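Participant: Starting from the given sequences, assemble the full structure and let the hints guide the process.
Quick note on this note's numbering: the sequence shown kicks off at 22 and runs consecutively.
All the pointers check out, no bait thrown in.
Below are the BS3-like pairs computed for lysine-lysine, each with C-alpha atoms no more than 30 Å apart in a straight line:
id, residue 1, residue 2
1, Lys99, Lys150
2, Lys115, Lys99
3, Lys55, Lys99
4, Lys115, Lys150
5, Lys150, Lys55
I should point out that these hints are in silico values taken from the structure, not numbers from a laboratory.
In this text, all values refer to a predicted model and were calculated from it rather than measured experimentally.
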Amino acid sequence: MTNALKSAFDSVIAPMLRRPRRIQVAALCTREAKGATEVLLITSRDTGRWVLPKGWPINGLDAPGAALREAWEEAGVKEANINSQPVGIYGYDKRLDGGLEVPVDVTVFETEVTELVDDFPEAEERTRKWVPAQEAAGMVNEPQLQAILREL
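Facilitator: Laid out in structure tokens, this is it:
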């Protein structure tokens with residue numbers, strides 16, 4: 022491919038082939054333990070990697086409300102104080118059921134957990150773990166999420 026053709030492809034055709042980024046919301050569940058901030062991580066259902074509770078927007082709920090619902094369903098957060106202002110956004114590629122990967126931007130809301138229960142909708146499908154924020158940054162895969170966790 023000539024330089025001119027490659028340049029035309031990169032500037033005109035390639036952007037048309039990209040899928041638009043989708044939006045999710047996440048709860049960055051925290052608690053204070055021994056003078057340090059701990060973060061609640063959960064495992065993803067498909068790969069078992071460490072992630073935050075997150076999901077798609079929910080009709081009838083604002084973004085923090087949807088994040089809080091995900092924290093309940095995926096991690097058992099029964100009561101919490103969620104900040105209505107996001108602490109950051111990170112991106113990742115989500116693999117859909119058919120195997121297609123779509124780019125996703127996740128808006129993150131800090132959530133101070135006041136009650137955690139063991140009986141919740143996805144309890145049998147996930148593992149959860151409280152870890153210091155700096156350790157959590159080393160457990161997740163997404164560089165932008167690592168930066169958010171290091172800022173805590």
